[in-house]
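A.B. asks: Here are the chains, one letter per residue:
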Amino acid sequence: MSTAQVFDGLVHIQLPDGWSLTALDGQPPEQFYCSYDLPDQQGVFALLLQPAPGQGPIELLRFEQSMQATVTIIHQTTEELRYRSHRLVPSHTDQNPSIGRTEHREQISEELITARFWIGSTRTLRASYRVVLDAPAKLIALLDTTIASVELQGEL
Amino acid sequence: MSRERIARVLPKPQLQSDQTTPHPDVEQRFGTLDMQALQRTVGNQQAQRTLRRMHSTTIQRVSTPPTQADQEAEAAQTQTLLQAAHREMLSHSDQTVRNTAKLFQSNGTVPQRMAYSPMTLRSDSAALVAAGTLSAASAAFFFYGNTQNNQHQFGPFTGGTIDRTGALETILVRGRLADGTWQTHEQIIGTFVHEASHLLVASYGQHPGTTTDASSFDRYKDEFRSYWVEPYGHAWNNEKDGDKKARAIRTFMIANYPDLQTPYNNNAAFKAQVDTHMRPDGYNLSNNPNLDLLFTLIGGGVAGIDMTLSHIVTQMNPTERAEANNSPLINQQITKYKDADAEARVHNALRFPQTNELAHELNPANSPRMSALLEAIALRDVMRIQESFVALTSAERGELVMNEAVMLFVTRQIPDKRLRACMYAMLTTGNLRQFVAMDNFINACIDAWVVLNGGDEQPPTTTPDFLRTALKAVAYEARLSLYKLVEDARQQYVDALPAPINQRVLEALREGNEPR
Chain U
207 MSTAQVFDGL VHIQLPDGWS LTALDGQPPE QFYCSYDLPD QQGVFALLLQ
257 PAPGQGPIEL LRFEQSMQAT VTIIHQTTEE LRYRSHRLVP SHTDQNPSIG
307 RTEHREQISE ELITARFWIG STRTLRASYR VVLDAPAKLI ALLDTTIASV
357 ELQGEL
Chain F
526 MSRERIARVL PKPQLQSDQT TPHPDVEQRF GTLDMQALQR TVGNQQAQRT
576 LRRMHSTTIQ RVSTPPTQAD QEAEAAQTQT LLQAAHREML SHSDQTVRNT
626 AKLFQSNGTV PQRMAYSPMT LRSDSAALVA AGTLSAASAA FFFYGNTQNN
676 QHQFGPFTGG TIDRTGALET ILVRGRLADG TWQTHEQIIG TFVHEASHLL
726 VASYGQHPGT TTDASSFDRY KDEFRSYWVE PYGHAWNNEK DGDKKARAIR
776 TFMIANYPDL QTPYNNNAAF KAQVDTHMRP DGYNLSNNPN LDLLFTLIGG
826 GVAGIDMTLS HIVTQMNPTE RAEANNSPLI NQQITKYKDA DAEARVHNAL
876 RFPQTNELAH ELNPANSPRM SALLEAIALR DVMRIQESFV ALTSAERGEL
926 VMNEAVMLFV TRQIPDKRLR ACMYAMLTTG NLRQFVAMDN FINACIDAWV
976 VLNGGDEQPP TTTPDFLRTA LKAVAYEARL SLYKLVEDAR QQYVDALPAP
1026 INQRVLEALR EGNEPR
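Protein sequence lines correspond, in order, to chains U and F.
When we follow this note's numbering, the leftmost residue of the first sequence carries the number 207, and every step to the right adds one.
When we follow this note's numbering, the leftmost residue of the second sequence carries the number 526, and every step to the right adds one.
Worth double-checking, as some hints may not be accurate.
To be verified - Pairwise CB distance ranges (calculated): (1) F:Asn851 x U:Gln274: 35 to 45 Å; (2) F:His617 x U:Ala258: 51 to 61 Å; (3) F:Ala793 x U:Leu294: 39 to 49 Å; (4) F:Ala797 x U:Gln274: 36 to 46 Å.
What the hints assert, rightly or not - Take a look, some chain U residues computed to stay more than 10 Å from chain F by CB distance: (5) His281; (6) His292; (7) Val295; (8) Glu312; (9) Glu316; (10) Ala321; (11) Ala341; (12) Ile346; (13) Thr351.
Claimed, not checked - Covered, in the sense of this in silico footprint (three residues per stretch, anywhere, with C-beta under 8 Å from a C-beta of chain U), are these stretches of chain F: (14) 694 to 703; (15) 762 to 776; (16) 821 to 828; (17) 1017 to 1027.
To be clear, the hints were calculated from the coordinates, so they are not data collected in a lab.
For every residue, glycine included, the Cβ atom is placed at its ideal position computed from N, Cα and C.
Please construct the entire structure, taking both the sequences and the accompanying hints into account.
C.D. replies: Right, here's the structure in full:
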């Protein structure tokens, strides 16, 4: 594990060895998102910093609803949310410049999502992960530990 | 907070100042293929920025996301591109491409079968990725149509999908791909032909396993068929040797479809099925709208048989009729009528004529009036038969007299011997009144049979006057047609009269004289 300073040092987090967070451009003003893609396409770990009020558990569930996902809530408080998401991914094509078009049949996406929210007066921080439903328990425990390691170094 | 500060998201030990030597983690995380994928996902500039972050704390200011107006403009541009490709398809040299183009528009009595529409990256895709705790490497958000008022999550490299929520199945195509390039007309035409083949064969209930099991042989056959008919984009498109083409498609699919690669490499029975599947299968390989509508119309049951027959006779050419007639699927569909007469009528319609030569003989001048008559005959609609016959020009009626193809058509289409006798009387004389005259004569024969069999005179010696009168109104050509061309009617109505009256009437038919 090593300590990573994120968002101009606002957040300190213990990242497992080999993990690194990458920022994603194209965010709305004053919103910042960085994530780490877990190996073997098992999911993603991410941090999101938004202007307040930002996203909370209810907004996250609304997002799932907008994706026509069926949600099973495992645990929910005002600051934490853990749920399973079940969504139908329609058949579609991929356009790969090197091999051309390939097709993917309709499939079901089943994932486990855990999020923790720090809601401040001007900003909201979310630490979260989304993994495939059959992800190893050891990986899920590691992700939970990583979320638990988040330390705020200033006011939100 | 400035965007430059985002660079700090990297753990400090991984930050490097050497921009020429990639950090080992860069190789590990991105590798060559993953880096290409990232470039396609977010564009080269973004990928370069990401790499820079991995190498240095010096970060370029990032670009702002596109606006909704930007993306709706892109959707409009895609729509224009799709329409241009569609227009090109309508006059394409390849029959399957032309057929596919017709599926997207109504054509006379053949309704529009499917539609196409743009699929475009949403302006807020990156924000939605963040909202959902997703990865930009595997998720992106799109809208369908021209307005960004809907959202659909797929992978960033998605080129298109099918929307089945509307009245018509709609092929959604992304005009501008993840790498920023625009699809060519050939790529779009290939997509249309490929996807239309999938939609059609699924609607026929063929290859059912393709929707329930992506690793099934049905799935393999479904994709094989679509790649076979697709005109562009693959090395095998111009391969004339069918076996070589089949092997090339197989090699491509096994290499690029993990769902099929796994069973192929691990299941000997599956591999054997795949290796021996050398040609596309299923109904309507050419995406033909007429063949497609025929399947639907037959599925409508006996109540819709008039529409079915009308479609076969007026819309389908001999090649299409022959393909339908030889199709096990269509034959199976026809048996669902569970009505022997209906089944026979559709079979008859499909079987005749099956060559262009015969079709030409049937309607040499391709006259719409003649087509209307043929349609009325197929429908066995007496009123329409008479109306359409009257509508013929005198020259067309004259040609009908000697048209053997039409006579054969009538024989095939009209099993009712009385109606057929009337038809022949009208056609061989070119006179509608002879239709009525023959009908009256047959009525008189029936009445005569009753009178002569029920009378005291045994055997009868006098031909009833009403029968003489009725026969007198029948022209010689019409009499001969009953005698020689509609033998089953003659046997039932004339031969069955008590002797010797029957012999007298037969002689009058044959010789054209007055019956004794």
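A.B. asks: Hint says 39 to 49 Å; check whether the CB-CB distance for Ala793 of chain F and Leu294 of chain U agrees.
C.D. replies: Roughly 33 Å apart at Cβ, these two residues miss the hinted range, so it is violated.
A.B. asks: Quick one: work out the minimum CB distance from Ala341 of chain U to chain F and report holds if it exceeds 10 Å, violated otherwise.
C.D. replies: Holds, because the least Cβ-Cβ distance between Ala341 of chain U and chain F comes to about 14 Å, which exceeds 10 Å.
A.B. asks: Is it the case that Val295 of chain U keeps its Cβ farther than 10 Å from each residue Cβ in chain F?
C.D. replies: violated, 7 Å
A.B. asks: With 10 Å as the threshold, tell me whether Ile346 of chain U passes as away from chain F on beta-carbon distances.
C.D. replies: holds, 14 Å
A.B. asks: Regarding Asn851 of chain F and Gln274 of chain U, is the given constraint of 35 to 45 Å on their beta-carbon distance met?
C.D. replies: holds, 43 Å
A.B. asks: Please check whether the segment 1017 to 1027 of chain F has three or more residues whose CB lies within less than 8 Å of a CB on chain U.
C.D. replies: violated (count 0)
A.B. asks: Taking the shortest Cβ-to-Cβ distance between Ala321 of chain U and chain F, state whether it exceeds 10 Å.
C.D. replies: violated, 7 Å
A.B. asks: Between the segment 694 to 703 of chain F and chain U, are there enough contacts, at least three residues with CB-CB distance under 8 Å, for the coverage claim to hold?
C.D. replies: holds (count 3)
A.B. asks: According to the definition I'm using, a residue is off the interface if its beta carbon is farther than 10 Å from all beta carbons of the partner; does His292 of chain U meet that for chain F?
C.D. replies: Per Cβ check, His292 of chain U is outside 10 Å of chain F; nearest 14 Å; holds.
A.B. asks: Over 10 Å to the closest beta carbon of chain F is the bar; see if Glu316 of chain U clears it.
C.D. replies: holds, 15 Å
A.B. asks: Do the Cβ positions of His617 of chain F and Ala258 of chain U conform to the proposed distance bound of 51 to 61 Å?
C.D. replies: holds, 58 Å
A.B. asks: Are all beta-carbon distances from His281 of chain U to chain F longer than 10 Å?
C.D. replies: The claim stands: His281 of chain U keeps its Cβ more than 10 Å from every Cβ of chain F (closest is about 16 Å).
The structure fails hints 3, 7, 8, 10, 15, 16, 17 (numbered hints given earlier, in ascending order).
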